[in-house]
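Visitor: The residues making up each chain are set out below.
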Amino acid sequence: MELMKLSALKLGELIRNREVSVKEAVSASFENIRAFESKINSFVTVDEENAMKRAAEVQKLIDEGKLVSPIAGVPVGIKDNMCTKGLLTTCSSKILGNYIPTYTATAVTKLEEAGAVIVGKTNMDEFAMGSTTETSAFGPTRNPWDITRVPGGSSGGSCAAVAAFECSYALGSDTGGSIRQPSSFTGVTGIKPTYGTVSRYGLIAYGSSLDQIGPVARSVEECAAILDIISGYDPKDSTSIKRDRYDFSAALSEDVRGMKIGIPKDYFGEGLDEDVRNSIMKAADTLRGLGAEIEEFDLSLVEYAIPAYYVIASAEASSNLARFDGVKYGYRTADYSDLHNMYKKTRSEGFGPEVKRRIMLGSFVLSSGYYDAYYLKALKTKALIKQAFDRAFAKYDIILAPAAPTTAPKLNESLKDPIKMYLGDIYTISVNLAGLPGISVPCGKDRSGMPIGLQLIADCFKEDNILKAAYAYEKAAGDVLGIMKNGETVMPQA
Amino acid sequence: MANYIDDETIEYVGILAKLELSDEEKEAAKKDMASMLDYVDKLNELDTDNVVPMCHIFDVKNVFREDVVTNGDGSADTLANAPEEYRDGFMVPKTVV
Numbered sequence: 001m002e003l004m005k006l007s008a009l010k011l012g013e014l015i016r017n018r019e020v021s022v023k024e025a026v027s028a029s030f031e032n033i034r035a036f037e038s039k040i041n042s043f044v045t046v047d048e049e050n051a052m053k054r055a056a057e058v059q060k061l062i063d064e065g066k067l068v069s070p071i072a073g074v075p076v077g078i079k080d081n082m083c084t085k086g087l088l089t090t091c092s093s094k095i096l097g098n099y100i101p102t103y104t105a106t107a108v109t110k111l112e113e114a115g116a117v118i119v120g121k122t123n124m125d126e127f128a129m130g131s132t133t134e135t136s137a138f139g140p141t142r143n144p145w146d147i148t149r150v151p152g153g154s155s156g157g158s159c160a161a162v163a164a165f166e167c168s169y170a171l172g173s174d175t176g177g178s179i180r181q182p183s184s185f186t187g188v189t190g191i192k193p194t195y196g197t198v199s200r201y202g203l204i205a206y207g208s209s210l211d212q213i214g215p216v217a218r219s220v221e222e223c224a225a226i227l228d229i230i231s232g233y234d235p236k237d238s239t240s241i242k243r244d245r246y247d248f249s250a251a252l253s254e255d256v257r258g259m260k261i262g263i264p265k266d267y268f269g270e271g272l273d274e275d276v277r278n279s280i281m282k283a284a285d286t287l288r289g290l291g292a293e294i295e296e297f298d299l300s301l302v303e304y305a306i307p308a309y310y311v312i313a314s315a316e317a318s319s320n321l322a323r324f325d326g327v328k329y330g331y332r333t334a335d336y337s338d339l340h341n342m343y344k345k346t347r348s349e350g351f352g353p354e355v356k357r358r359i360m361l362g363s364f365v366l367s368s369g370y371y372d373a374y375y376l377k378a379l380k381t382k383a384l385i386k387q388a389f390d391r392a393f394a395k396y397d398i399i400l401a402p403a404a405p406t407t408a409p410k411l412n413e414s415l416k417d418p419i420k421m422y423l424g425d426i427y428t429i430s431v432n433l434a435g436l437p438g439i440s441v442p443c444g445k446d447r448s449g450m451p452i453g454l455q456l457i458a459d460c461f462k463e464d465n466i467l468k469a470a471y472a473y474e475k476a477a478g479d480v481l482g483i484m485k486n487g488e489t490v491m492p493q494a
Numbered sequence: 001m002a003n004y005i006d007d008e009t010i011e012y013v014g015i016l017a018k019l020e021l022s023d024e025e026k027e028a029a030k031k032d033m034a035s036m037l038d039y040v041d042k043l044n045e046l047d048t049d050n051v052v053p054m055c056h057i058f059d060v061k062n063v064f065r066e067d068v069v070t071n072g073d074g075s076a077d078t079l080a081n082a083p084e085e086y087r088d089g090f091m092v093p094k095t096v097v
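Going line by line, the protein sequences match chains C and V. Using our numbering, the first residue of the first sequence is number 1, and each one after it goes up by one. Using our numbering, the first residue of the second sequence is number 1, and each one after it goes up by one.
It is possible that part of the hints are untrue.
Subject to a maximum C-alpha distance of 25 Å in a straight line, what follows is the list of computed SDA-like cross-link-like pairs (lysine to any residue) [to be verified]:
{"#": "1", "chain 1": "V", "residue 1": "K42", "chain 2": "C", "residue 2": "K282"}
{"#": "2", "chain 1": "C", "residue 1": "K236", "chain 2": "C", "residue 2": "E254"}
{"#": "3", "chain 1": "C", "residue 1": "K420", "chain 2": "V", "residue 2": "Y4"}
{"#": "4", "chain 1": "C", "residue 1": "K420", "chain 2": "V", "residue 2": "K31"}
{"#": "5", "chain 1": "C", "residue 1": "K110", "chain 2": "V", "residue 2": "K42"}
{"#": "6", "chain 1": "C", "residue 1": "K94", "chain 2": "C", "residue 2": "R391"}
Estimated spans, in silico, between C-beta atoms of each pair [said to hold, decoys possible]:
{"#": "7", "chain 1": "C", "residue 1": "G271", "chain 2": "V", "residue 2": "P93", "range": "45 to 55 Å"}
{"#": "8", "chain 1": "C", "residue 1": "G478", "chain 2": "V", "residue 2": "E11", "range": "38 to 48 Å"}
{"#": "9", "chain 1": "V", "residue 1": "N3", "chain 2": "C", "residue 2": "D266", "range": "47 to 57 Å"}
{"#": "10", "chain 1": "C", "residue 1": "A394", "chain 2": "V", "residue 2": "T95", "range": "38 to 48 Å"}
{"#": "11", "chain 1": "V", "residue 1": "D6", "chain 2": "C", "residue 2": "A250", "range": "21 to 31 Å"}
{"#": "12", "chain 1": "V", "residue 1": "N71", "chain 2": "C", "residue 2": "N486", "range": "50 to 60 Å"}
{"#": "13", "chain 1": "C", "residue 1": "D63", "chain 2": "V", "residue 2": "P53", "range": "23 to 33 Å"}
What the hints contain is simulated information worked out from the structure, not anything from laboratory work. Glycine is no exception: its CB is placed at the ideal position from the N, C-alpha and C atoms.
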């Protein structure tokens, strides 16, 4: 139990120093999974048998001096849209409910090479389409801070699992805020890297031009260390980029003197919860106190990001999800008359309502006669949004904003009104459209005791800036969530 | 401007998306899509006449590589996922009548 309260890096250090065995670490993870899963449901699949076998293998490599990575032997949860060879990968969808991949996603392979032990696959919104983890075909995940509330989404399972100490850290994916928003709702830290920094090979695609894998952990330092490992050019992903360096941990420093931080005025208008606003402004004051130069500015075009996103993401989804047809893998309908009928019935029975909604919208905006009016218009809007960020980053090193306009809503409140749910992504979505890196770090709690996330955004390839600012903020702000009692971390809900 | 999705359009979308919708689902889809398009119509406020559409953030070109086989025969693992299998192949309904 106590081992899971340590940071992934501290646990890794104890394992390297042989003060803790890999078996003890992995057992501690499963102990918490057994204790909390019935309440939280962060996992679609847990794999204790293979994890324990793997723990023994990793221990052997550590003992032989062949594994020295900072996370060797540390238990991790992987979002269920990343392929893991031999381990069920469902995307939280009925259509992939029995799918066992024959290969592993590059980001996961890199973690395995560093000695990570996968304890299971985390729950998510079906095909990552949603902001609450309620569209999962395997039941919603609940927020460890208050199980009557959602954990956010779509990486809600990864974030809840980390918040509830079920694993030391996790991988998530972010297409429109799916790492940053649930990190904010569950009081953990998550990074969406610059597009192309982490390979998408083996990540089951939703919106290919927007999807990025990133780390979820309980501190900036851990996220940077995990990003060091999972990032890198991959010839198997043709949108993977070649960067000069991938040592993000080297950027961590508490010195933010002279850093120029812009606060977009248009992010602080209607719809922003008062407690969230105050908490974000207090965080800005903390950074100002550390010597950063902070000013407000007009980012512009904020209200156009969500409609542009839903056209682009749905269009890409309609194309990406065309492969699920019941022929080679996954669910196939029981009764059908001919091939075409089999496709239609398989897909209609296999996909949930939100996925169907987006596939239909995407098919429509790409169809002849509507392509220019909707799809092309959205791509032009994306260009304008990118230009607005370019102007901002000519003046500022980073942009400071909330991760979400509110804290976690109650279960069963969001899906009734899709457009209202989509509006909850207003501060995160434009970052994906522009391919930028963003991080969410906890910065306080609202009147109900629910966590609030501070989002920091940088220009493409400038992860260093947000890591440095987030690290400095985290050190200066201290225990903003009130989870330290007598020098020990306590469970959020206890 | 309020969008209206008629029966014909929703039928057509169903064909494109390869989805079979019940009457109830069709009515819901008509309503959902209309309200989503009303929302998307907000983009028409923007003058984009001289804007080049942005497909990709970076100036990436198509990536070519030599066609060299690097993986082995994974057919047994692949077929293990087949909903129906017949003589080392995927079984599908008759396609040529």
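Visitor: Broken hints, numbered, in rising order?
Guide: 1, 2, 5, 6, 8, 9, 10, 11, 13
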